[in-house]
Amino acid sequence: MRYIALTIGPIVDTLSLGRKTAEVWMASYLFSSFMKNSIKKIRDRSDAEFIIPFVDDNILKVQDDGVGMFHDRFILTSDTLTLEDVEKILQEQKDEIATMVAKSINRNVNKVKTFFTQYIQAYLFETTGEFKNPIIDISKIMDSIELHTPILET
Numbered sequence: 748m749r750y751i752a753l754t755i756g757p758i759v760d761t762l763s764l765g766r767k768t769a770e771v772w773m774a775s776y777l778f779s780s781f782m783k784n785s786i787k788k789i790r791d792r793s794d795a796e797f798i799i800p801f802v803d804d805n806i807l808k809v810q811d812d813g814v815g816m817f818h819d820r821f822i823l824t825s826d827t828l829t830l831e832d833v834e835k836i837l838q839e840q841k842d843e844i845a846t847m848v849a850k851s852i853n854r855n856v857n858k859v860k861t862f863f864t865q866y867i868q869a870y871l872f873e874t875t876g877e878f879k880n881p882i883i884d885i886s887k888i889m890d891s892i893e894l895h896t897p898i899l900e901t
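Note that the numbering used here has the sequence shown beginning at 748, numbered continuously upward.
Among these hints, one or two may not hold up.
Once the Cα atoms are required to be at most 27 Å apart in a straight line, the calculated DSSO-like pairs of lysine-lysine come out as [as the list claims (entries may be wrong)]: (1) 858 / 788; (2) 767 / 887; (3) 808 / 767; (4) 808 / 787.
Each pair of labels, with its calculated beta carbon distance range [unchecked claim]: (5) 748 / 895: 19 to 29 Å; (6) 884 / 829: 15 to 25 Å; (7) 808 / 852: 24 to 34 Å; (8) 858 / 886: 31 to 41 Å; (9) 862 / 834: 15 to 25 Å; (10) 876 / 848: 32 to 42 Å; (11) 858 / 879: 41 to 51 Å; (12) 887 / 829: 20 to 30 Å.
Hints are computed from structural coordinates only; laboratory data are not their basis. All residues carry an ideal CB built from backbone N, CA and C; glycine is no exception.
Could you build the full structure based on these sequences and the hints that come with them?
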């Protein structure tokens, strides 16, 4: 069986920048929304079966109520989905968020896209290994991967 896992960040670093409750809320919601929309696109375009988080059509159709509900990682199985497919979807999602933010703050869209492309970290892992408990075993690998913090160009 082939597994693909993703973890995103820098959540803790981003949340720690918030000085007001609304800033912390928005940061949390940004990552949650990013994951929800990415998962929806992956499901729409592939045979992906999500192990975590639990995903069904009803959850993805629920109107956002302003609360971040999606985890910062997923583990899925797929016979056809590739890492390149997932990377393309993630970049599309970063671009959508950047476009929305750029319009709302009246900034250059390309500059905001560049910022989001560099800032939102997406760590992907693929394996065909056999696991007694793939959730626990792959999560340990993802925990280790999350410790990597890239240096952003300024």
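Hint check results:
| no. | hint | in the structure |
| --- | --- | --- |
| 1 | 858 / 788 | 25 Å, holds |
| 2 | 767 / 887 | 33 Å, violated |
| 3 | 808 / 767 | 30 Å, violated |
| 4 | 808 / 787 | 9 Å, holds |
| 5 | 748 / 895: 19 to 29 Å | 26 Å, holds |
| 6 | 884 / 829: 15 to 25 Å | 22 Å, holds |
| 7 | 808 / 852: 24 to 34 Å | 29 Å, holds |
| 8 | 858 / 886: 31 to 41 Å | 35 Å, holds |
| 9 | 862 / 834: 15 to 25 Å | 18 Å, holds |
| 10 | 876 / 848: 32 to 42 Å | 38 Å, holds |
| 11 | 858 / 879: 41 to 51 Å | 47 Å, holds |
| 12 | 887 / 829: 20 to 30 Å | 24 Å, holds |
The structure fails hints 2, 3 (numbered hints given earlier, in ascending order).
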